[in-house]
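Student: Sequence:
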Amino acid sequence: GPPRPAACQAFDVPKRYFSHFYIISVLWNGFLLWSLTQSLFLGAPFPNWLHSLLRILGAAQFRGGELALSAFLVLAFLWLHSLRRLFECVYVSVFSNAVIHIVQYCFGLVYYILVGLTVLSQVPMDGRNAYVIGKNLLMQARWFHILGMIMFIWSSVHQYKCHVILGNLRKNKAGVVIHCNHRIPFGDWFEYVSSPNYLAELMIYISMAVTFGFHNLTWWLVVTYVFFSQALSAFLSHKFYKSKFVSYPKHRKAFLPFLF
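Here the sequence shown is numbered in the working numbering, starting from -9 and rising by one per residue.
Rather than coming from a laboratory, the hints here were simulated on the basis of the structure. Keep in mind that the hints are not guaranteed to be accurate.
To be verified - Distance condition first, Cα-Cα at most 16 Å in a straight line; then the derived EDC-like pairs of lysine to aspartate or glutamate:
no., residue 1, residue 2
1, K243, E181
2, K232, D178
3, K243, D178
4, K163, E181
5, K234, D178
6, K229, D178
7, K240, E181
8, K151, E181
9, K232, E181
Take the sequences, apply the hints, and build the full model.
Tutor: Put into structure tokens, the structure is as follows:
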């Protein structure tokens, strides 16, 4: 398309700055996970400022029967996911000179801060404003925790494979970057959809909803946001591939295998 006005370009940042999202997430959600671990196993209260933030987000009051293990696992999944994505941004992905708007960049930074707080707010408080003690945390294990963990690992493995495939399209056999052009990817979930990395992202968030026991409305709202944002990105990528490559596989869908 035509070059964008200089005034608009002034608000662009390189797309490779995606790594900043995961740096923030690894540090921030790592701190939240450490704080939750301290609280669950040692009974240490959260800092007042963090406790206030969680109250604003509507942290549940302890009524008995809630599973602190669910939020603990989801927060651990979120941290591991961010750590892997940071690794991929640094060592696997090859970014072109594409840019993103600074508003999108700032939203990404805030998103990973809020999503960790959202998970933590699902752990019920007791009357002393400390969190549920997890001396018998493993006794809270349920079938949906196992299912959620399997789904998380499965989706993460496939997302990693897809990012490796995309990265290798711009490298030679020695692993040296030789260009930043677009090519048609093949292999793994690319045989079904144009953007399997986006599909895997959705599956990762669904795995967290499963870990919450299927019934956590707050997290399903997060999943809904992820679905629409990833579906839009996948649709735009699919449209780009079809317009650029005449030989693009016609059986591939944009986002959901055999459907869309």
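Student: Of the hints stated earlier, which fail here?
Tutor: Checked against the structure, the hints that fail are numbers 2, 4, 5, 6, while the rest are satisfied.
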